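Asks: So you can see what is in the structure, the chains are spelled out below.
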Amino acid sequence: MQVRVPENLSLMEKLNILSDAAKYDVACTSSGTERSNTGKGVGNCVDAGICHSFSADGRCISLLKILFTNECIYNCRYCLNRASNDVPRAAFTPQEVCDLTMGFYRRNYIEGLFLSSGILKSPSYTMELLYQTLYKLRHEYGFGGYIHVKAIPGADPRLIEATGYLADRMSVNLELPTAEGLRKLAPSKSRTWILTPMRQVQNRMEENRNELALYRSAPRFVPAGQSTQMIIGATPENDYQIVSVAESLYQKFALKRVFYSAFVRVNEDSMLPALPGGPPLLREHRLYQADWLLRYYGFRASELLTEDKPNFNVLLDPKCDWALRHLEQFPVEINRADYMTLLRVPGIGVRSAQRIVKARRLGNVDFPDLKRMGVVLKRALYFITCRGRTMYPIRIEEDYITRNLLNVKERLPFGMDGQVTYRQLSLFDDQNFSMPPGA
Amino acid sequence: MTIFWCEDSLDGILTGIYDAWDSRLGHNQVKLKTDAQDTLELFCDYRQVKTDAVKAEKVLRTIRDRLGEEAFEAVCYAAACTDGGRADAIYRMVVLGLHMKDGRQVVNCLQNRDVSLVMRLRIKAWHEAHRYMGFVRFEELENGVLYSVIEPAYAVLPLLAPHFADRFQQENWVIHDKRRGVMAVHPKDSLWVLADAEELNTDYLGHRSEREKEFQELWKSFCKSIAIEERRNPRCQQGLLPLRFRGCMTEFRKDQSI
Ligand code: SF4
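Here the protein sequences line up with chains C and E, keeping their order. Sequence positions in the first sequence follow our numbering and run 1 to 439. Sequence positions in the second sequence follow our numbering and run 1 to 258.
For reference, chain E alone in the conformation it holds in the complex (with noise of 0.2 Å):
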């Protein structure tokens, strides 16, 4: 058995499903691992996948042609998270797809535990991003901009960042995965990029602008007054919004910013 051991994020995992594929070793004697994993096994052959943006996108074209749209999302989104099977699930599935007379029907191969695997993965990390689109908070900056820290549990920026660069087209924003060390950098009518946060002046994210402090104010106080004190339950706000959000929530925060 020959372990393919790639970096763990969507680059990484697609360039490990090329190396995988390209050796012809025969796709019952490789595995994908990602390097999250720390448990090596015995008796296999390790090898270690360079990451590589080339590889990479062309393995993204292919599943997109030939896998159609929603297999194309299922694997980025699946990505995302953090589980341990998921690089050679990913594999198997597109090996599964392309080998069907229709490729597009291969996300409907419940059935099959890497599909499933894939699949339900999606759905997680699809949730996790969806809440953060409620949950992030901008603060808003001296100089305008709108700055905006979260701790995702998965690489959710990406799948994050188109949202509200339609929705904030003609604003300055920054949102900061602090998990990860990244941040989604959307200049004013222009393309967000993601780029890495220690190689970024963040100098200038100290100063917040004048009526900051009063918006942050009515909102909390808003929070509070709506609502019900009859229908108050804790254990259901907390099941829909667990503690792990709250630490970026204005509306949750003892003091004043991030």
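Chain C on its own, in the form it takes in the complex (with noise of 0.2 Å):
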């Protein structure tokens, strides 16, 4: 294999090169690790996480996201640094990735670095640059700020696992929802090769947590856990099966986080779906919102889609649609209602929730008191009653309280608030929306 990657790019060159190439790439948190200076090295980590800023796009810059190169010798369809494509080519040195990462670290431009790769020669050969990098910037520039890095399917698993006790955050990409998807848009990879290193690196996290009961300073293995992405709709999977996928991940595979990219039509190829209205940025929204009630409210992905009805309601989110369809369930009474009920209200999150079982201890709980502790009462309205009223005389029935909710502009991330009407929808991925009940 010829490698392509010319010699003289100055490091703007190749930074402009390597964070392009790297863009489509998802995760941009450091979040999950807490972390002290040790006193000797520069920097720390904080469990929040911090966005540094927001680039052009509306997404949280936190970490120098780069590629450690673009070359590859690979040929997944949807990827722009496919081995058929005729782009520029780059190549950092371990000196390089870590002289940006301090310079942009003491400036505060960001938390850290997430560090992935295309294929250079081999995966093996590349996951030891990746290991170097990360050595280097540890132990002779003494980083202590956060680092994200891709574990490479195919790569020997003893240098997957050094390079994990110097990551914070390790994610293997699981690429798309379902192996079918896979034979078909990267045919290079499959389920189980990409299934494999996600396993290791939870193994190792389990017994890595045994050790550290026993030790209190044994070495960390990737503390804040492991992720994944897939893309969302480059292939014809439904929701309802890219939830579930998301919920087993979460599993059986102990996973922090599962990423979604609205797939961005970058190749010109036969076997990519034309997205004329781009990518399906609300489709992905709804995904995130279902994918916060798997992880923090209690949901299990089969109440909220089913074969039945498998993709997500364009005009209402996730838990708005669940509530409707279940208002045998309702109301709850606020200064009664356990917390998990709470949670499943439309209009109350975890913080109010939280809130309002704290304050009904010293109290009853009335309206005016909802609204000051964060709820949404414009939502919530019709679901609640605070000690046996309901906050005006509604009625509890399916019609009547989506025509009222729908009135109730929904904030969307995109710069569409208020203004999603039927027209504009269709310019999305029409397949996969269903009309709510009623309308």
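It should be emphasised that the hints constitute simulated quantities derived from the structure, not laboratory data. Predicted model only: the values in this text are computed from it and were never measured. Every residue gets a Cβ at the ideal spot worked out from N, C-alpha and C, and that includes glycine. Just so you know, not all the hints are guaranteed correct.
Claimed, not checked - Which residues of chain C face chain E? A few of them, derived with a C-beta cut under 8 Å, are:
1) Tyr24
2) Val26
3) Gly39
4) Val42
5) Phe54
6) Ser248
7) Gln251
8) Ala254
Fit the two chains together into the complex; they arrive one by one in their own frames, and the hints show the way.
Replies: Here is the structure:
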């Protein structure tokens, strides 16, 4: 194989090429590790994560997100860096990555480094380069900030393990939601091939937890946990399939996060769907909302969607949608309902549910109090009572509530607030949209 | 009604609480106001509070001991805000907490208007401070000192400095709140201090280090190339990163340095 990386690019040229090539990777969070400065090196980590800037697409910039190289021996159809594409190629040296990371970190541009890579020569060869880079950064530069690194499927497990001791988070990309999609668009990868390193990292993390229980100073393996991402809308899976995959990844692989990335068509390829309305952003948004419901609100995938109703409602968020289909469980009494029940009320979030539970121990809670506690009453009022009373005389009836909820503007993250109409929505991927009940 | 008119700062408010309590006029007969509010109420007796670090410290210790860590933090954060009602709300919250069997429960009394206001302000200030943990931009000076200018809406510099003191223990750094004319100064391997910007010799701030410009250019260019054109959404960007922050942020500046 001939390597097409030119030798004499400047640092600026390399950074441009290799950050541009990394931008489709979704995860930019720096959360999950709390670590003070060691007193010798530079840096610490904050559990909640910190956003340092926001790019023109409204995504958070928290990490120096780059590929080590965009050279690649594979030819995944959806990827800009695939071997058959004629794009400018570049590769960093470990030294250059360290320089950039330290220079950016000291100026407080970033929380740390997100290092991914195309496959140069072989998976193990590439993994070794990532390992060397991290080693240098941690040991020669004393870097104590956040590091997210990719585990490369097919690489020697020993290299993956050694790298995991230098990183905060590791991720293996699932790429596409199903094995079928993978066969179609990334024939050189298989589902098992991807899941193997994921399992390895999971097992090692578990062993490490036991070691840490015994010796508190044992070295820590991937302390911020493991994540993955999949592309949405490049293959024909429905939302139910996707959410079920995510659910089983959380349960069976103990992942910290599953990220979704709305498919962006960067290659002309007959196997890829045309997306005249641009990337399916609303769908991605609904999947993230559902993801929260799985992780923090005690919902199961099968409660949110079914074989008969396999896609999310475009017009209502998944929680409202669920509540409308389960009106028999409402209204709930704010002063008595348990925490998990409160969490299921539209307009009540994790924070406000916690506040309610604490406040009502000291006395009854009423509607004005709820408002001050951060409950979105416009949404919640159809589903709750305070001391046996509803806020206004209302009918607990699907059509009536649906109509009212649709009047409450939902804040959508991509500047479409309040402008969601059927016409605009048809610009998205319409096969995936079902009409709301009663509309 | 007697109004205790205190300086618009944490210490000012805490001294006000001390004096109001100490006056024994009865909690219903007194009210706290900060001097940032210029509307005088009629038929009220005004008492100027002279900020006193010792009194402030006493009140703060009482809050910490009797009302707990969370209330302590809430008071410090809420005081950093600009809300006109905060001095009185903090006072009422302290009074309420000291009358409760378990003072630590006071932070949960969200049915109470004053407590609820303090707790909401705490989140506001926390949010501002947390944003600045990300938005602070240091420039490297010739002598290796890292220098940053901020213009926060609230007095969050003291809430921010401990974070950077840990992160950049081995660095000499300065964060300058231009709005309030104060600086947090952190000498390498030592404690940070808050100083009046006018009292410090700032002549040396003029010269940037040799590689400073290069890194600024690299960063600007990174911020551009990391955005996905197909997802372009300036409105969303502006919601998350309002214009008021951008003046001090390298990637949004046209000129070179602060
Ligand atoms: S292996 Fe990764 S970089 Fe290479 S073509 Fe596939 S997705 Fe792109």
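Asks: Of the numbered hints stated earlier in the document, which are not met by this structure?
Replies: 2, 6, 7 and 8
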